[in-house]
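*Asks:* Start from chain A and add chain B with the ligands according to the hints.
Those protein sequences? They're chains A and B, same order as listed.
Residue numbers for the first sequence follow this note's numbering, beginning at 1 and rising by one.
Residue numbers for the second sequence follow this note's numbering, beginning at 1 and rising by one.
Among these hints, one or two may not hold up.
Simulated pairs of lysine-lysine, DSSO-like, Cα-Cα distance not exceeding 30 Å [what the hints assert, rightly or not]:
| id | chain 1 | residue 1 | chain 2 | residue 2 |
| --- | --- | --- | --- | --- |
| 1 | B | 345 | A | 110 |
| 2 | A | 131 | B | 427 |
| 3 | A | 129 | B | 427 |
| 4 | A | 186 | B | 427 |
| 5 | A | 129 | A | 218 |
| 6 | A | 129 | A | 110 |
| 7 | A | 218 | A | 110 |
| 8 | A | 110 | B | 334 |
Hint data in this document are derived by calculation from the structure and do not stem from the laboratory.
Values in this document were obtained by computation on a predicted structure and should not be read as measured data.
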Amino acid sequence: MVGLLVDNVSMHFNLPNGGYIQALKNVTLDIKSGELMSVLGPSGCGKTTLLNIVAGFLAPTEGQVNLNDVRVTGPSPERGMVFQQGALFEWMSVRDNVSFGPDMKGMSRKESAEKVEHLLDIVGLQDFKEKAVYELSGGMQQRVALARCLANDPDVILMDEPLGALDALTREKMQSLVLDLWKDTKKTIILITHSVEEALLLGERLLVMAPRPGRVHKEYRLPFADLGVGKDLREVKKHEDYASTREEILAMIWNMEEEIMGRAEEVA
Amino acid sequence: MTSLLVLFLYATAFFGTYFIASRFLQSYFQRKGFNKLKTVTFGDESAVTANRIASIISIVTVFWLWIAFTNSALPLPKLPGPFQGEIEFTYTVTLNDGTSDDATVTILVYPEDIQQTVGAQGIPNRAPDAPSRGLGEGFAKNDTTTVARYGFKVIDVWSNDEVAKADGSAVTAINGQPISPGQKMQIPEGEIGLTNKGTPTFAPYTGLRMARLYLPAPEIVWQRFVTLIADGYQGFTLWEHTYYSLYRVIFGFLLGAIVGIPIGYAMGLTNWSRGWFDPIVEFMRPVPPLALIPLIIIWFGIDETGKIVLLFLAALWIMIIAARSGVSGVAISKVHAAYSLGASKWQILSRVIVPNSLPEIFTGARVAMGVCWGTVVAAELVAAEVGLGKMIVAASKFQLTDIVIVGIILIGIIGFLIDVGMRALEKWLVPWKGRI
Ligand SMILES: Nc1ncnc2c1ncn2[C@@H]1O[C@H](COP(=O)(O)OP(=O)(O)OP(=O)(O)O)[C@@H](O)[C@H]1O
Ligand SMILES: [Mg+2]
Numbered sequence: 001m002v003g004l005l006v007d008n009v010s011m012h013f014n015l016p017n018g019g020y021i022q023a024l025k026n027v028t029l030d031i032k033s034g035e036l037m038s039v040l041g042p043s044g045c046g047k048t049t050l051l052n053i054v055a056g057f058l059a060p061t062e063g064q065v066n067l068n069d070v071r072v073t074g075p076s077p078e079r080g081m082v083f084q085q086g087a088l089f090e091w092m093s094v095r096d097n098v099s100f101g102p103d104m105k106g107m108s109r110k111e112s113a114e115k116v117e118h119l120l121d122i123v124g125l126q127d128f129k130e131k132a133v134y135e136l137s138g139g140m141q142q143r144v145a146l147a148r149c150l151a152n153d154p155d156v157i158l159m160d161e162p163l164g165a166l167d168a169l170t171r172e173k174m175q176s177l178v179l180d181l182w183k184d185t186k187k188t189i190i191l192i193t194h195s196v197e198e199a200l201l202l203g204e205r206l207l208v209m210a211p212r213p214g215r216v217h218k219e220y221r222l223p224f225a226d227l228g229v230g231k232d233l234r235e236v237k238k239h240e241d242y243a244s245t246r247e248e249i250l251a252m253i254w255n256m257e258e259e260i261m262g263r264a265e266e267v268a
Numbered sequence: 001m002t003s004l005l006v007l008f009l010y011a012t013a014f015f016g017t018y019f020i021a022s023r024f025l026q027s028y029f030q031r032k033g034f035n036k037l038k039t040v041t042f043g044d045e046s047a048v049t050a051n052r053i054a055s056i057i058s059i060v061t062v063f064w065l066w067i068a069f070t071n072s073a074l075p076l077p078k079l080p081g082p083f084q085g086e087i088e089f090t091y092t093v094t095l096n097d098g099t100s101d102d103a104t105v106t107i108l109v110y111p112e113d114i115q116q117t118v119g120a121q122g123i124p125n126r127a128p129d130a131p132s133r134g135l136g137e138g139f140a141k142n143d144t145t146t147v148a149r150y151g152f153k154v155i156d157v158w159s160n161d162e163v164a165k166a167d168g169s170a171v172t173a174i175n176g177q178p179i180s181p182g183q184k185m186q187i188p189e190g191e192i193g194l195t196n197k198g199t200p201t202f203a204p205y206t207g208l209r210m211a212r213l214y215l216p217a218p219e220i221v222w223q224r225f226v227t228l229i230a231d232g233y234q235g236f237t238l239w240e241h242t243y244y245s246l247y248r249v250i251f252g253f254l255l256g257a258i259v260g261i262p263i264g265y266a267m268g269l270t271n272w273s274r275g276w277f278d279p280i281v282e283f284m285r286p287v288p289p290l291a292l293i294p295l296i297i298i299w300f301g302i303d304e305t306g307k308i309v310l311l312f313l314a315a316l317w318i319m320i321i322a323a324r325s326g327v328s329g330v331a332i333s334k335v336h337a338a339y340s341l342g343a344s345k346w347q348i349l350s351r352v353i354v355p356n357s358l359p360e361i362f363t364g365a366r367v368a369m370g371v372c373w374g375t376v377v378a379a380e381l382v383a384a385e386v387g388l389g390k391m392i393v394a395a396s397k398f399q400l401t402d403i404v405i406v407g408i409i410l411i412g413i414i415g416f417l418i419d420v421g422m423r424a425l426e427k428w429l430v431p432w433k434g435r436i
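Extracted from the complex, chain B is given alone in its bound form:
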């Protein structure tokens, strides 16, 4: 249900903002430069550029949806929230002889995450006590209790009554409306019902927002990020978690590249090497690195070596294949030209093949870094003492969803930055790429 609603709202935002923005921000909807002169643009991929207004609205939409589905404190339009506060209803107890009496139940619904919030004096809040009410007249006495939002409460109304359930007394009506065991009735604040054995229950209205356990609000995640920077998690600072993950990726990738690139060149240059390595590479290439994790743990346990070896293997095959196709991508006329200019085999390799294969190697390196980054997080999820993956999985065991989300966002941002860095390096080292 909720996911369908998310989809619907997202689609509405996509089309709705398009119609609004295209009407009021027309300058952003005109093609620029040469593309402006093209009469055929649908189907001409080169005429398509990202509309930056769309990018901005898209990001805003994600945050807005995030906020709308949580109990965020931010003053933005949100979906209907859960009921919070006091509610009162009357119940009617009828005895065997037909006599009956009314009493009220007062329930205080408090935020389910109250213990995770901090009060004015900086002390963590506690769950509130039940409100106090007089017991009232008659054999049925007034009851008070508390329940957390999204919670459910079975209310033992007999606990203070002058009659006991065992005597044959039964709750026969709620708020004056007759009700029998197993039935439920809706009130604006939630759902009142009787269990199969006739005890009243109350479930406060949940609304469409998610409890903090499932989806913490953005400001909560941000606060968690700030405290993580200050205090760290599980004995390591946030930087240490990040550093270890990055260190493993870079070290493993570099090893893979240092070993893989020469093997790839050898495969592209000599029959023996191609024959020798072909079966291994072709066999190992389709094995996802994640499938190796169990074996790596059996061999190396959970210490650093295992993870470095895993990332080395993840990068190795990719780099071998990149270097090999780099060699096969060298135009034969370049090699011939170099030989006719007096180059030796070694000079062919260092002056022609290596520089000419750099674009392929960089493409491979970008893929390998991406795979390594994904693999390291997965490996840490399974076995590690420190690392972003470890942080996430440890937090999830304590249901600290905000830490999980901080971790995911960090992983995404770092992965993105790695790719941006690789692309910048590529542009600097291989300026001729795509221009010949």
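Same shape as in the complex, but just chain A:
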């Protein structure tokens, strides 16, 4: 089977005081090749944990993850990561950051040069090739991170709040960029976000997770991502279903947060 299968994954973290936290409980997901899935959920519901398991940085306590029928046991270039910020290598130029993956494979500079040029062109940083990354703005840095990830031509791209640290305007531009990249490259993408709007716009599938224990609460299939490719995202927001879906999800998460607070008060 081609695609990513998260098969009945559970994760608990043992705590020093003898107890444990059930960060994930029986999570099962079947993500087809080329799908774009956004993940929403209140803080602490295990989104990052799930992504770390898929990336291969953590082994789940139960269940397993398969990519194209091969069990995930560790990080690998076929599963690329884009982090929130600060994961670029400051000691390298923009170009060297992007060609990091090919360099690791032992690809010669000549071979990777064309690829790097092409990717920098796509993310609009052609003129910043020789700059140091600390000279770039936050939005530009995330473009570099995207290009760096794409340079390895991964099957799956995992993004943990990639746009979380950007200002609203830059963020909108980057959302369009992510959509365009998705369509152009046909990558499977899992994108964690805290923004309901972002999850709606960038989610062909939208997964809402619930906390304690972390689990899948509800899943949506949405038309907005397809509509948004190559278009102004503000137009997409005028779609008849957009506002109602947004309200529904907001209410859902709001309730979860209330519930958490309520439980915390009970304990206290």
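*Replies:* Only chain B with the ligands this time, still in chain A's reference frame:
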């Protein structure tokens, strides 16, 4: 007393020049650029910049205080100096039968450092002879003698008198004023007194300046520096003294870094290494390198090996800890990103951990160089044949304070230059430091 006066003058200079400079050099007292627009500056550290006028005055003040407290030849205001020149007083000798007679004592007070100065023909000066005076009338005869500034002289006035002390004669008055044994009297040129046994003494007025032995004037230190460059000291040129100290520091530091950095990385990367080295590092870290000097001398004697080993140890723990905290300072997201991009463990180390830990390593290296520089001087003070520390301690044994001061200034300047060099190197190699 003197130190309180120094403190007082220094504080006066600090506040006084502030009031004067802020009145007449107002342009230097206005904040510049963006800071000019800030209305809140007290408490905003970023709005504080060094006032360069203050820095200049501060340095000038140190030199001025230095000059003011010495017998410097420089034409600058100085504190009251010691008496120098001829002084004369009369003493009265009274015999058992009540008869008495007066005679004078002439004392020539000469510079205490006269033998260290050179006369017009380039020959070293000698202490002057006593001035000549007639013996005068009566049974008490005139005396002449010499005493150095800051000195003290017991004057055996009976040596040429017609009476002897044993005959029961006694000095009963000085300059006409009665005086008895053990008493003292002040004159503008100094202090005259009688010992408990009745012999006159004279101590010339010292003023508030320091004798050359305690604090040589700046120009004397400079001259000494010039002659040291030409002649060296104790069989080695000044450059050799400096070179050996520097060579030991750099060699010892490099050894410490070459051994320490890999150990630090290993401690940051593997459980076994961390467990293995942790006890040693934690135990050795608080031991000041100076405390190791005696053991090093017992083991290695005073030859080069001992000092290199000492400096190696001084740098080792610092570099281990710097490298270890460099590893722990690597953001896990960078490591994860690199693994997801296909990096092997070796590539993680060489492409991510090493460059990412460079800022920490440089901070450690700066500290280590500073500690090594301090340690080498101390080690040379204790045991060495050549080196700036050795030069200082040898000179102090011969009371050549000017060489000691030349050495201290050189040590300070070189230590400063080392730090400036390290910072420049850091800026060049780690341009991203503090910018992420
Ligand atoms: N290494 C760990 N040890 C112990 N508990 C952990 C560990 N990592 C995560 N947790 C716990 O697991 C739960 C899920 O954490 P996770 O970081 O996956 O949440 P998240 O959904 O990503 O939250 P956020 O939106 O704030 O990023 C939290 O309760 C967290 O405290
Ligand atoms: Mg998270």
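*Asks:* To test your reading of the hints: which numbers does this structure violate?
*Replies:* 4, 5, 7
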